[in-house]
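I would like the entire structure built from these sequences, with the hints used as guidance.
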Amino acid sequence: MQLADSLERAQALREAALEYRLVAELYPTTSHYVEAVRKSALLHSSPSNPYRSDSTSLYWFRKYVSLPISREERSAAEVYVFMLEQMAIQQNSIKTIEMMVDSLQAALRKQSAELASKGKKVQDLEADLKRTTTELQNLRDVDVRINKRKGR
Numbered sequence: 002m003q004l005a006d007s008l009e010r011a012q013a014l015r016e017a018a019l020e021y022r023l024v025a026e027l028y029p030t031t032s033h034y035v036e037a038v039r040k041s042a043l044l045h046s047s048p049s050n051p052y053r054s055d056s057t058s059l060y061w062f063r064k065y066v067s068l069p070i071s072r073e074e075r076s077a078a079e080v081y082v083f084m085l086e087q088m089a090i091q092q093n094s095i096k097t098i099e100m101m102v103d104s105l106q107a108a109l110r111k112q113s114a115e116l117a118s119k120g121k122k123v124q125d126l127e128a129d130l131k132r133t134t135t136e137l138q139n140l141r142d143v144d145v146r147i148n149k150r151k152g153r
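If you read the sequence shown in our numbering, its first letter stands for residue 2, the second for the next number, and so on.
Using 35 Å as the maximum straight-line C-alpha spacing, the simulated DSBU-like pairs for lysine-lysine come out as follows:
id: 1; residue 1: 131; residue 2: 149
id: 2; residue 1: 111; residue 2: 131
id: 3; residue 1: 122; residue 2: 111
id: 4; residue 1: 64; residue 2: 96
id: 5; residue 1: 96; residue 2: 111
id: 6; residue 1: 131; residue 2: 119
id: 7; residue 1: 121; residue 2: 131
id: 8; residue 1: 131; residue 2: 151
id: 9; residue 1: 121; residue 2: 111
Worth flagging that the hints you see were computed from the coordinates, not collected in a lab.
Right, here's the structure in full:
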């Protein structure tokens, strides 16, 4: 516990969290167990810990709530549990939305490619129609001239 406390004071939060976890896992019958569980939960959710983990923090807070602690401590820990659970729900919602956005973007790219292809086809058909109309007009002109010559 002393090593974990000194690491925490030195802002070696990853190592301190590991030490608290080891104390909690290896010495569950000692007087330091409750404090090790609490500190492990807090350090894993600390904004100053670059290695923070909400899921690990939630695990330790759930364990802490199940221990014999004061009403005030239990109430505070339950708030942490609730907030961490809500964050997990929100993160899952965000992931779902991101997947939907990715899917919609893929569909949009596909439809854009199809639309561009169909637009090109329409332009080609319009050009063919214009050429055919011109040819038809030329044939009509030829037919009119032939009929005029026959009529002479």
